[in-house]
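J.: On the provided structure of chain V, position chains Y and P as indicated by the hints.
Here's the letter readout for the chains.
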Amino acid sequence: MSAEEKKPKERVGVYVCHCGTNIAGVVNVGEVSKWASDNLSDEGVVVARDYKFMCSSLGQELIQKDIKEQKLTRVVVAACSPHLHEKTFRNACKGADLNPYLCELVSIREQDSWVHTDKIAATEKAKAIISGGVARVIHHEPLEPLHVPIHPATLIVGGGIAGIQAALEIADAGFPVYLVEREPSIGGHMAQFDKTFPTLDCSACILTPKMVDVGNHKNITMLTYSEVQKVDGYVGNFAVTIKKRARYIKTEDCTGCGICWEKCPKKVIDDHFEAGLGYRKAVYTPFPQAVPKYPVIDDINCTYFVKGTCKACEKFCPTNAIDFNQKDEILTVEVGNIILATGWDLFDARRVPNYGYGRLANVFTNMEFERLSNSAGPTGGNIVLRDGKTTPKSVGIVHCVGSRDKNYNNYCSAICCMQSLKFAHLVHEKTGATVYNFYIDIRTPAKAYDEFYQRIIEEGTLFVRGKVAEITDAARNPGEEGKLIVQVEDTLVGKQRRIPVDMVILSAGLEPRYDSKALAKTFGISCSADGWFIERHPKLDPVATMTEGVYIAGCVQGPKDIPASVVQGAAAAARILGKIQQKEIALEPVRATINEEQCSGCRICNTLCPFNAILFHEDRMVSEVNPALCQGCGTCVAACPAGAIAGTGFSNEQILSQIDGLLLLNLNKKEAVPAVLPQV
Amino acid sequence: MTDYLYYPGCSMESSAKAYEASVEAVCGPLGINLKEIDDWNCCGATEYLSLDTTPAYSLIARNLALAEEQANGTRTLLAACSACYLNLSKADHYMHEDKAFGKKINEALAAGGLHYDPGQLVIRHLLDVMFNEVGLDKIKEKVVKPLTGLRVASYIGCMVPRPDYNKHVSDTEHPYELDDLLKALGAEVIDFPLKTACCGGHMTQIGPDTAFELIRRLISAADEYKADALVALCPMCQMNLDAFQGQMNGYFHTNYHIPILFFTQLMGIAFGKNPEDLGFGSELVSAHEAMKRIGIQTPEPVPAKPVAKKPTGLPMPPPRVRAVQQTTGNEEAS
Amino acid sequence: MTEPVIVSDPPSAGPVKHEDLKLLQEVILRTPGDPGLEMCIQCGTCGGSCPSASAMDHTPRAIFAMLRAGMREDVMKSNTPWMCVSCYYCTVRCPQEIHITDVMYTLKNMSLESKVGGNSTASDFSKTFISLVENYGRSFEIGLAGFHNVKHFITRLPSMTPMAIGMLTKKGMSPFPPKRIKGMDQLKKILKRAKELEAV
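Residue numbers (my numbering), protein chains in the order written: chain V, 2 to 681; chain Y, 89 to 422; chain P, 347 to 546.
In isolation and in its complexed conformation, chain V is listed as follows:
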């Protein structure tokens, strides 16, 4: 910046937040605000203040008062991350009749006080950050948000309890819902469970009424046996491409009478609904209360598809509802908002070699046990060994299988303690067997959960505190003959114990869906390193994502139990209903635009855009940004070799001035250079 331009055009106010001690504990905020008013006056700073909590109403009023009295034309707030309070301060400016986009929030908390311990250096860094903000804000232009209408329909992906709850909430409010489910029936994992903790009510008894409601609801379109392939558009106006797999059943004719699966000669191990413990036919509904009631023909196992002959189902179908020529359908629906509730996969217990699952017959997983104990399951609810007939006299339940273990998953799966306690109760009640629970810590922190733990202790379950080291059938003495031996350190005794049991149940943990990363990409949201989808804010916005219009509910966000999944389903629905009621949505005006004259048509930006917001006009050989899709991230601006892309809110001028400001180059004063360079 040259010397003759020194006369400031703008009147800038700088506001330095203490954030209690969050910032003031490390950064000398008083010194920083004094420095700004002393040193940045040439840049246009006419007032600089520090305040305990800028985001409080008193802090905001301070800014508004200055805007009016000092005739400020620009505002720089040095506080937390824009993720948290950018809106707050923009609104404060708006309240004082200053265009909200003339306010710049720079972070001296996340990018300074929280990451440094050297107070002097952190204070110098805060000055540099503010200097950059001031240099930038001068080049801001007043912007107006874009208003787009919101489509009233909602897409819900995943028909488990979270998705069902969300669907019913939105549909009951009178708005259309598309509920997409990969399996032939909605219901999710909850449909497989026997009893639910801590009340021990039957899972199906409380779930199936909701499933029926979904099936009958005039506002809900169920798309089962279907998967989302592609998502175009943006908040308020998504276009979602869905593949509806061929059921080979004409649903308009099918009555769900069940003759087809009675007559089907092909028996298949049901490794999905029955967790591998039972059988189904090649034409099947996963369970009797399935919604919808129509079966599907599994074309991988169906004898007709494999060998070309059979068609037993077709011969016996009383309504001629079988159609072997059905093809997959691709359909597109338009929705304003999306909820992802795709749930979880079970940790593969075979990965833990010392627990012998898959090698030792009487080691079962939690999902196998749910089916074993379920009266609608393969044994009619009899808890028996793998031989199908022997009732165990002793059962060991192993907590934390694949969870809280850096060799597998480092997180706590949250449900296993309560689930294991429930198993202890069921085994005790149904078989009278001696039950051991092997745990590291018992975690029962919700309403009536610890009381349930007390009840299980009272019932006589034996608790051994220790992570099971191994499960083996190699006996060392006659007492261990023919048993599974659970070898563990009883850490409360401080001795290794070998406990012979007939059956072991592994409480395998919850994992993200195997394809969660691909799903996240389809919907333009992010997942953590573990694969769980990331919420907008872990405490204050747990069901929204960083992508406007895409919400998450249930285990897709992290392991959780049924009540918490229901809460999230309802919460996501409430968020969306609020948006639909507004009928339109204001989009951030911070957008990229392409100068067609300068665009060479190289298409580099097309593939780089993380929001698929850039389309290419084949006829004119130029790219164009869809302003409604663009999130203003600036990737294309930086990437364009011709410099043809400009961003409102992040012009070259703005960015370069901010860099100059950060380096204090704009001050032209030697003493202004930070004495101590902060250690990053």
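In case anyone wonders, no lab produced these hints; they're calculated from the structure. One should not assume that every hint holds.
[As the list claims (entries may be wrong)] DSS-like, lysine-lysine: derived pairs with alpha carbons at most 30 Å apart:
no.	chain 1	residue 1	chain 2	residue 2
1	P	K541	Y	K191
2	P	K368	V	K407
3	V	K219	V	K244
4	V	K120	P	K368
5	P	K534	P	K473
6	P	K368	Y	K191
7	Y	K105	P	K525
8	Y	K187	Y	K314
9	V	K484	Y	K271
10	Y	K255	P	K534
11	Y	K191	P	K534
12	Y	K105	P	K497
13	P	K368	V	K496
14	P	K525	Y	K187
15	Y	K255	V	K518
16	Y	K187	P	K497
17	V	K584	V	K95
18	P	K538	Y	K187
19	Y	K123	P	K525
20	Y	K123	P	K528
21	V	K244	V	K522
22	P	K528	Y	K105
23	Y	K255	V	K407
24	Y	K187	P	K541
25	P	K497	Y	K191
26	V	K484	Y	K191
27	Y	K380	Y	K187
28	Y	K123	P	K534
T.: Leaving out everything else, chains Y and P in the frame of chain V:
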């Protein structure tokens, strides 16, 4: 022929001469050219590490430095003894991971005019090279006398599958390499649940009561599975289970007779080699009867009379008969 | 390590000295690589996995708790590290990926230095083994076993006779020490320097 740097280890020239002889006998036909490191020294087993960390690692690292010096384009350093393999691999691993530590060890080596660049050598166990480099197909080609009818327990022990710094082995607890190799030779391989359990290590010398119990677990399990022989790949394992089997029997008043063979001895038999050239007859628990079952004549055992010993503590139960596990065949759950 | 940090240790139930609260850190620093010991969650996978747990006076898990508590003397006196057979089950199964076997080696080192503990049979065996290696460059199995067993297990010798005969006849083990390696001087220099470095 592929050249491999070779670290035999001390046992190979004393207690495990059968291993040494059989390794040499089978490597040639499989195209493995063993280039023994000149003037190697003892790896210190687990003993030096217990006394003094820096000297222990320096002792191991001298071998690595010599191997690097003599490498001549070869990068793989082969060991047949599990403890030697692990020690060499451990020194390389920690010198690489912990730079300050690596510097310290090199400082010690410098006193002898040596230096080792961690990561330069790839340290592998003989079984790993047989399985992953030579491959079962090539091994099968060499089989002229399949071991059909010989029922064996394959026993890997601890230090090859664990900690397995470079993930050369299929599993830390139930690896399949030795099973598959023995199957390729035509043997009947039992699914030995204790295949990576501990042989007792140095406990035979410092806590015999513990050692006998660990040996009993392995021997009684092999017996219960009706194994004709237990196949090992480590001199220490072979020594503990073979030489101490008699004492263990005396201690527990049992009468187990499970010959302990090196996997290379059985490879040699399958390749049609002469049993004497493979060190047969050097085992204290004779393999004569077991090998006779498949028509191989090995030296007759000299009947050794166990010295009667007064029991200490309570008598142990007799060997058990294994209950057959019932399976429904659908335990392959998702 | 020149001197043990504490000369007189507190009795087991007595007050713990402030310096001993750093005991855990001392163990970590003396172990090559990052053993991760501070991450122990006391789950007992190690104690449950250990094949010689029954011979130990404390399980490894308990030892780690004692290190945290600064119970130096109790740890140094414990036979636990000396009973470790280096099977590495605990190391690969530990949910916190703690290098437990390596920690056991460090504890053995420290226990010998502390002069209060150690298991004489075990540490003697290590010492005898190593003195032979330091002399010949290679181990001398028969000599080691003979020397060690005469010293520690004299009553067991009769039951060992058949084995000893077998070793000499069938296995053909030599009753004489091995030939010294050529670079014996070089090795001695390396080990001397290593011992100096260890003491730093």
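J.: Hint by hint, which ones does the structure fall short of?
T.: 8, 10, 14, 16, 25, 26 and 27
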